[in-house]
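Sequences listed follow chains A and B, in order.
Using our numbering, you'd call the opening residue of the first sequence number 1 and step up by one each time.
Using our numbering, you'd call the opening residue of the second sequence number 1001 and step up by one each time.
It should be emphasised that the hints constitute simulated quantities derived from the structure, not laboratory data.
Just so it is clear, CB atoms sit at the ideal spot from N, CA and C, and this is done for glycine as well.
There's no promise every hint is true.
Unchecked claim - With a cut-off of at most 20 Å between alpha-carbon atoms, the simulated DMTMM-like pairs for lysine to aspartate or glutamate come out as follows:
1. B:LYS1329 / A:ASP4
2. A:LYS8 / B:GLU1217
3. A:LYS8 / B:ASP1009
As the list claims (entries may be wrong) - Computed list of chain A residues with no C-beta within reach of chain B, every gap over 10 Å:
4. ASP4
5. LYS8
6. ILE11
7. ARG13
8. GLY14
9. GLN18
10. ASN19
11. ASN160
12. ARG178
13. SER226
14. ALA290
15. GLN294
16. GLU333
17. GLU343
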Amino acid sequence: MTQDSTLKQQILRGVAAQNFALERNQPPPDPSTQTARTRTAAQRRAQIFFGGVLLIALLLSSLLERPARNEPPISPPVAQQQTTTELPFPRLTLAAPEFAPEALRRAVDRPQKSTDALLRGGDFLQFSQFPLATLLGLSVRTILIDPGHGGRDPGAIGLNGTQEKDLVLDIALRLYARLQQHPHYRVLLTRDHDRSLSLRQRVEMANQMQADLFLSLHFNVLPQRSINLVETYYFGTEVTKHTAAIVAKENRGSQITMNEFNTLMAQVGDRLKIQESRLFATAIQRALFAELRQHDPHIIDAGIKSAPFLVLLGLRVPGVLAEISCLSHPPEEERLNSGQYRERIAAALEQGVLDYLDPSWHPDPTVLGDVLDVRSDLN
Amino acid sequence: MSDPTSTDDLLYMGIDLGTFRSVVATSSGQEAAVLSYVGWPKDFVARRALGKDIVYGAEALDQRQALNLHRPLQGGVLREGTALDEQAVAALIGHLIEVGGGQGRRLRVAVGVPAECLRINKLAMKQAVGAYAEKMIVVSEPFAVAYGLGTLNNAVIIDIGAGTVDFCIMHGTVPDERDQRSLLSAGDAIDQQLYERLRERIPEATVTMNMARQLKETYGFVGTSEKLVKVKLPVSGKMVAYNITDEISHACAYIVPPIIETTMRLIGAADPEYQPRLRNNILLSGGCSQLRGLADYLTRQMEPFEPCRFRCIPDPLNAGARGALALVKDMPEEFFNQL
């Protein structure tokens, strides 16, 4: 066999392998068709364990009291929260037995309060300046990646026709493949192909699949084409002029009624979800910005923000919505059409997820949202 | 390896699905080009006048006033994701297979897609072609061109189409994402530029995007031209002559800077020892590589940085489909069986 034909054989083998990978390297089966029975026995055991820990912590909390006036509001400015959130304990590990005595020690000499009173007043949720997940030793097992839009809903469309639904799906599949390398986590996707999914279905999927962490991927579109920015949202009730437009866009077609909305709003007091979502958003934002500014030195770090996205509201677990960058910015659209660039974004998101799950990671107190004056430069 | 003889019902087919023009080449020696347009009659009157339920290619473009016209392969891939566009792509592929003589045959098909086509689009393409073909593979367009030319090592292929400019470095192996790039400013962007410039300079003339494309194809050049471009454009029903040399020149030059920048970046990222060989073997394919003076202009523009040699390949419109055909014909059956 000549050198030329050997080379051809190698190349043909490579082409076949690429096509094979394209067909076989599928994400897992559609999560919407799976049910709770897919949960492993270990997860069930973990649930029982966490339930027990929760009960013990409730009883312990009756010995404690923390003056409500010292509590930060649920959604104060991000920097304020972050500067006070130092984590003396490993976060999100199965180390509750180790730090529970520490929490008890801190409570010494505090006036007692009954468990009933704590639960009635929701004081338990105000229990600590530390994330509740840390105190309760809650662990993340299942990560649900949600590529936004899909099917009939293309999401944002760039000047050259690039569609948000395709980009987020591609990045989600890359992120999925990356996170699969970490055997401790079960990684799922809300969709693995181009199909329509309402926000309700996404929320139901997250809750049905017992997801522990929810990451929704989106791209921004701004009237100012010259601007490129990265921002990450977690659920909250504040709405600025800038976020209102984005919230309206992402909440479109939610199929959630006003009554259901009100019920869901009642869950806003879920402090654990908000605390952890805020930290998760910080980790994602920091990792994304660090990566994207290498490609666009002018990209704006719009920070983490809270806003009432319906896809985050219905979740029972920490969740964030990452607006990765601006598809309305033509150079960014050009970059997003590069597979290498999308791979870098997936790597940054992976880093963000791993940072959040890393017990030694501390949020960067400088992650703040810039206030944008949204004016059009289309004309 | 199987024997792709004409007596066998097995037919090998290479397809270059383009934004504007799609080409099919088959192992039985047939080659056909179809404009990537699909149209459905707007109403029963149009259907009756046309005598067809669906119209393809140049005929569809010509009859566009009576049709709901679709150009579903924006950027060379399924764009809209709507049922109608998916239907249009499926119909177009079916038509290409029909004109390639593949109906009722067992087909092995290779389809060329843009270099950095999203995975989801590759899968969508596979699904669309899979309805007709027994086995199929998807390859990047510039790679298909390189394979067809036998340029498997130390070459840069730049395929300049209507929707995308696709780059691929060949270094003796299948190019991966690091070796490939796609730009979205290509032939269509030139048409748009020319259309806008003509509308701005000659507002009294009636110019359409289709006319702008025809003007580009007929008179397009990059750099300097010894001849002035004088054309007649309709003004209030009368044909009036205009000199549009500057408009043509500026519109065609619009795609050059990103091509230079991307070429430099791609070569710059390659192994330094092989960079001189790559710089001396840059091949241009695709419809817009036919812009007069493009290869020389690119060569001159690169001189201040590092001397490079750009060349246009022969028959650039069919090179993608021929390369895809060569690839699918060479593909051993055992490899196909894995798919």
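To see whether the hints hold, each was checked on the structure:
1. B:LYS1329 / A:ASP4: Status holds; Cα separation ~16 Å.
2. A:LYS8 / B:GLU1217: violated, 36 Å
3. A:LYS8 / B:ASP1009: violated, 26 Å
4. ASP4: violated, 8 Å
5. LYS8: A:LYS8 is in fact no farther than 10 Å from some Cβ atom of chain B, at 6 Å.
6. ILE11: About 6 Å separates A:ILE11 from the closest Cβ of chain B, which leaves it inside 10 Å; violated.
7. ARG13: violated, 7 Å
8. GLY14: Violated, since 3 Å does not exceed 10 Å.
9. GLN18: A:GLN18 not clear of chain B: closest Cβ-Cβ about 6 Å, inside 10 Å.
10. ASN19: Violated: least Cβ distance 5 Å, not greater than 10 Å.
11. ASN160: Non-interface label fails for A:ASN160: nearest chain B Cβ at 4 Å, not farther than 10 Å.
12. ARG178: holds, 14 Å
13. SER226: For A:SER226, whose nearest Cβ neighbour in chain B is about 18 Å away, the distance exceeds 10 Å, so it holds.
14. ALA290: At about 21 Å from chain B, A:ALA290 clears the 10 Å cut-off, so the statement holds.
15. GLN294: Its Cβ never comes within 10 Å of chain B, the nearest being 14 Å, so this holds.
16. GLU333: violated, 7 Å
17. GLU343: Incorrect as stated: the minimum Cβ-Cβ distance to chain B is 7 Å, not above 10 Å.
This entry does not satisfy hints 2, 3, 4, 5, 6, 7, 8, 9, 10, 11, 16, 17, going by the numbered hints stated previously.
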